[in-house]
Amino acid sequence: MSDRSVENIDRRRFLKLTGLSAGGLVLGATLPGWQPSWAAGLDKGGELNLFVSIDGDDTVSIVCHRSEMGQGIRTGLPQVVADELEADWQKVKVVQGLGDKRYGSQNTDGSRSVRRFYDTMRRMGASARTMLERAAAERWNVPAKECAARNHVIIHIPTDRRLGFGELAAAAAKQAVPDEKDLRLKDSAQFNYIGKPVDTVDTPDMVTGRANYGQDVHLDNMLIASIERAPVLGSGIAKLDDSAARKVRGLVAVERLDGGAEPPLFKPLSGVAVLAHNTWTALKARKLLNIEWTESPHEQHDSDDYLETLKDNVRQTGKTAVAEGDVDIALETASRQHSAIYTLPYLAHATMEPPSATAVVGEEGCEIWSCVQDPQSVQQHVGQALGLPPEKVKVNVTFLGGGFGRKSKPDFVVEAALLAKKMQRPVKVVWSREDDIRHDYYHAASAAYFQAGLDEHGKVDGWLQRTAFPSIGGTFQPGVDHPANFELDLGLTDLPFAIANRRTETQQADYHARIGWLRSVSNIQNAFGVCSFADELAHINGRRPDEFLLDLIGPDRKIDPSQGDYKYGNYGETLEKFPIDTARLKNVLRRTAARADFDTDGGEGWGIAVHRSFLSYVGIATRVQVRDEQLKILQMHCVADVGLAVNPDRVKSQMEGAMIFGMSLALMGEIKMQNGAVANSNFHDYPLLRMHQCPSLTVELVASGEPPAGVGEPGVPPVAPSITNAIFAASGQRIRELPINKHLKIG
Amino acid sequence: MKINVNGTAHQIEVEEDMPLLWVLRDELRLTGTKFGCGGGFCGACTIHLDGQPMRACLTPVSLAKGKQITTIEGLSENGDHPLQQAWIEHNVPQCGYCQSGQLMSAAALLAHNASPSDGEIDQAMTGNLCRCGTYPRIRSAIKTAAVKSATFENAAAREGEN
Numbered sequence: 001m002s003d004r005s006v007e008n009i010d011r012r013r014f015l016k017l018t019g020l021s022a023g024g025l026v027l028g029a030t031l032p033g034w035q036p037s038w039a040a041g042l043d044k045g046g047e048l049n050l051f052v053s054i055d056g057d058d059t060v061s062i063v064c065h066r067s068e069m070g071q072g073i074r075t076g077l078p079q080v081v082a083d084e085l086e087a088d089w090q091k092v093k094v095v096q097g098l099g100d101k102r103y104g105s106q107n108t109d110g111s112r113s114v115r116r117f118y119d120t121m122r123r124m125g126a127s128a129r130t131m132l133e134r135a136a137a138e139r140w141n142v143p144a145k146e147c148a149a150r151n152h153v154i155i156h157i158p159t160d161r162r163l164g165f166g167e168l169a170a171a172a173a174k175q176a177v178p179d180e181k182d183l184r185l186k187d188s189a190q191f192n193y194i195g196k197p198v199d200t201v202d203t204p205d206m207v208t209g210r211a212n213y214g215q216d217v218h219l220d221n222m223l224i225a226s227i228e229r230a231p232v233l234g235s236g237i238a239k240l241d242d243s244a245a246r247k248v249r250g251l252v253a254v255e256r257l258d259g260g261a262e263p264p265l266f267k268p269l270s271g272v273a274v275l276a277h278n279t280w281t282a283l284k285a286r287k288l289l290n291i292e293w294t295e296s297p298h299e300q301h302d303s304d305d306y307l308e309t310l311k312d313n314v315r316q317t318g319k320t321a322v323a324e325g326d327v328d329i330a331l332e333t334a335s336r337q338h339s340a341i342y343t344l345p346y347l348a349h350a351t352m353e354p355p356s357a358t359a360v361v362g363e364e365g366c367e368i369w370s371c372v373q374d375p376q377s378v379q380q381h382v383g384q385a386l387g388l389p390p391e392k393v394k395v396n397v398t399f400l401g402g403g404f405g406r407k408s409k410p411d412f413v414v415e416a417a418l419l420a421k422k423m424q425r426p427v428k429v430v431w432s433r434e435d436d437i438r439h440d441y442y443h444a445a446s447a448a449y450f451q452a453g454l455d456e457h458g459k460v461d462g463w464l465q466r467t468a469f470p471s472i473g474g475t476f477q478p479g480v481d482h483p484a485n486f487e488l489d490l491g492l493t494d495l496p497f498a499i500a501n502r503r504t505e506t507q508q509a510d511y512h513a514r515i516g517w518l519r520s521v522s523n524i525q526n527a528f529g530v531c532s533f534a535d536e537l538a539h540i541n542g543r544r545p546d547e548f549l550l551d552l553i554g555p556d557r558k559i560d561p562s563q564g565d566y567k568y569g570n571y572g573e574t575l576e577k578f579p580i581d582t583a584r585l586k587n588v589l590r591r592t593a594a595r596a597d598f599d600t601d602g603g604e605g606w607g608i609a610v611h612r613s614f615l616s617y618v619g620i621a622t623r624v625q626v627r628d629e630q631l632k633i634l635q636m637h638c639v640a641d642v643g644l645a646v647n648p649d650r651v652k653s654q655m656e657g658a659m660i661f662g663m664s665l666a667l668m669g670e671i672k673m674q675n676g677a678v679a680n681s682n683f684h685d686y687p688l689l690r691m692h693q694c695p696s697l698t699v700e701l702v703a704s705g706e707p708p709a710g711v712g713e714p715g716v717p718p719v720a721p722s723i724t725n726a727i728f729a730a731s732g733q734r735i736r737e738l739p740i741n742k743h744l745k746i747g
Numbered sequence: 001m002k003i004n005v006n007g008t009a010h011q012i013e014v015e016e017d018m019p020l021l022w023v024l025r026d027e028l029r030l031t032g033t034k035f036g037c038g039g040g041f042c043g044a045c046t047i048h049l050d051g052q053p054m055r056a057c058l059t060p061v062s063l064a065k066g067k068q069i070t071t072i073e074g075l076s077e078n079g080d081h082p083l084q085q086a087w088i089e090h091n092v093p094q095c096g097y098c099q100s101g102q103l104m105s106a107a108a109l110l111a112h113n114a115s116p117s118d119g120e121i122d123q124a125m126t127g128n129l130c131r132c133g134t135y136p137r138i139r140s141a142i143k144t145a146a147v148k149s150a151t152f153e154n155a156a157a158r159e160g161e162n
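Chains as they are written, first to last, in UniProt numbering: chain E, 1 to 747; chain C, 1 to 162.
There's no promise every hint is true.
[As the list claims (entries may be wrong)] Below, simulated SDA-like cross-link-like pairs (lysine to any residue); rule was C-alpha separation at most 20 Å, straight line:
#: 1; chain 1: E; residue 1: Lys196; chain 2: E; residue 2: Arg122
#: 2; chain 1: E; residue 1: Lys422; chain 2: E; residue 2: Pro389
#: 3; chain 1: E; residue 1: Lys186; chain 2: E; residue 2: Tyr118
#: 4; chain 1: E; residue 1: Lys745; chain 2: C; residue 2: Lys143
#: 5; chain 1: E; residue 1: Lys93; chain 2: E; residue 2: Gly164
#: 6; chain 1: E; residue 1: Lys287; chain 2: C; residue 2: Glu15
#: 7; chain 1: E; residue 1: Lys632; chain 2: C; residue 2: Glu120
#: 8; chain 1: C; residue 1: Lys143; chain 2: E; residue 2: Thr698
#: 9; chain 1: E; residue 1: Lys287; chain 2: C; residue 2: Gly79
#: 10; chain 1: E; residue 1: Lys247; chain 2: C; residue 2: Glu13
[What the hints assert, rightly or not] Between beta-carbon pairs, the in silico distance windows are:
#: 11; chain 1: E; residue 1: Gln733; chain 2: C; residue 2: Ser117; range: 28 to 34 Å
#: 12; chain 1: C; residue 1: Gln52; chain 2: E; residue 2: Leu183; range: 55 to 61 Å
#: 13; chain 1: C; residue 1: Gln123; chain 2: E; residue 2: Asn151; range: 44 to 50 Å
Rather than coming from a laboratory, the hints here were simulated on the basis of the structure.
No residue lacks a Cβ here, since even glycine has one placed at the ideal position from N, Cα and C.
Using the sequences plus the hints, can you model the full thing?
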């Protein structure tokens, strides 16, 4: 759903609802009296309004309808509303929105929250401000244009009379909704909060243990469920012996969950749930279950063999997704050719908080408390599972202990809802770390083949890229066996190079495990291939990587990758608003390269990579040391052009996080599957970067007046190739198969 | 069984082998101590047992009998431990889930070493994972808190001399 629906609500409903407010100004629709139990301090006692409400005591409540998972959105979006409203940030209270389609999309995914809702939030703030100004004008019997909002008061400019927001709230609520054309949006020079490092509203709760996550939910009379799930996708329960488990003191019930037929969708996996009064009892009893699983078509799946198959596949001509010029002739007539294959393994999200959901099901419907990225998707899928319309599923969004795409798949919430219905009492499903690692929606394993033809001057005339990985589409549709166009749009078809002849192809990759989107999605493998291969071509030509890349990108221009039937997705935005702008990419490249010293020697080297994703441009420069087969990352620098940065400190922290996320996957990220089951289980065999492995990180934001673009994800893709390019510079070793710890020890 | 958490005695009826983590979270509803891995790999459940940092997920409750248990809720009375202040100053948390454990590990470090070097910080904190990637800010915040703590201690010492 686009944010247009919010505009509709805004036009239809603006201030029709004053009777429902406690004498205050209410913008947008009013929601029923659902108050998340953890939203302490909310004194409206059950009246949650769509985005803005003002109380007589001067408190401005701003709803954040997107999920907080570390990106600071509960600060960022309210900060935009408060700025246009001229509210005093100290008097702003942030309220978490329930799942409700009237908000528009709540799918906190795709680095979308700010870019999709920046304009809407500004209008929400400006509308409220206008109504306050008009109310003051009526009170003073003066023209509204003589009144202006300044820091939580309305001033009558000619006489300097003042009224506080709280004093005007009730009267403002009776004002007609301003037409959108009558709204005066601030000039950026007048911004109080936008573009400023406003403190993150939730930090004090997070440093005192008061912040409540999905795992922390407690309801009276609640049972805890721990679920033993089928180790192989498509397998079910053949035989269950729960006699030993049932002897455990404190065990309340053992229940079966049926995963049903593929595709997996967001359904629970088949499994056996053990329910007890506390988590420890449930975990202990679960270990005593004796389950035989049915055969699965995936039980021969072995990730090492699979990657070999994908490598074989990408050596063969595949299906053409999009082509320009004639790459075959260009390659045939080239003075020099170069080719390479790059592979990445399956990856797991491994959020620090394993998934968890609490549900109650009664006659009225279902209520959920959970760490979810998309509460409306929860309403839909829980509703389907229980036979309820979505609006009968009330979803309270807690803090998310990390999301990265995992928590937009509500399989774990459906589990809780089904069990709560069976038990007729509240149930909290607690995923363990092992559950999380073994039953994720994995980032796809992949192989990609690149071939280039160069003329006698080293100019690239032909570029062929062919990729194979199991598509996310296979999670939703049976029989999908090639990457989908939307996955190619993330870093392949939008190749920003001035090469006349090029072709993007896909090859077969069968579906054997649940595949999902993980922070930056297929940009991870696509950028790894493109940025590595471009670096290889630079070295073949004896050129400095940055200078060669500048030539490859070519003149300043705006690119439209659409060709014939092939329509480029551009992350759901228009190319007019968010073009593929090579000038911005080159600017980031130059600034990134300025931090690198390409003449470094003595076992040290710098590597760079630049990539546009989620409409932002990010460059990474990495310095490494390679000695005695041991790699140490010494330094990493990020240059990011994300358009307007609403909260620059949170943008920087996202880039820091992206560098660390990227290092984890590049250095040590690998999910292995054997006999169809995940062989990893916890952080000892699915390691993440630790503090002693983390180099000094710096972030440089490009000052920009362009519209705000994506932030959460675009820092990730260039990290891995910048490291492997640096390793080549330091040692001459070209690493084409991730993770790096297969080739070098990690210091 | 009786245990003492953050200066308060609690009477609990649980099995002796129940890890302290689940006693704190499920029985006492002190959910600031987080469940991250259950195997001592991630440090999200770090608490203090008589001042020593411990992984609550691997500590049977029976081991805590007669000892002082400190959790994030008891690190300071008003959330103003120098580390908590420094965490706010450096805007450390992203999702925040690991931060209770990070703070408890850092507090144990500073209690024993008032001005740790970079290497000592890395060594003390390497058992605490952060998936969001807040390590650089944690390092900076620990240094800030160390300076502040030292200043407080010096001031207190001077007052003592006077």
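Tell me, in ascending order, the numbers of any earlier hints that this structure violates. 4, 9
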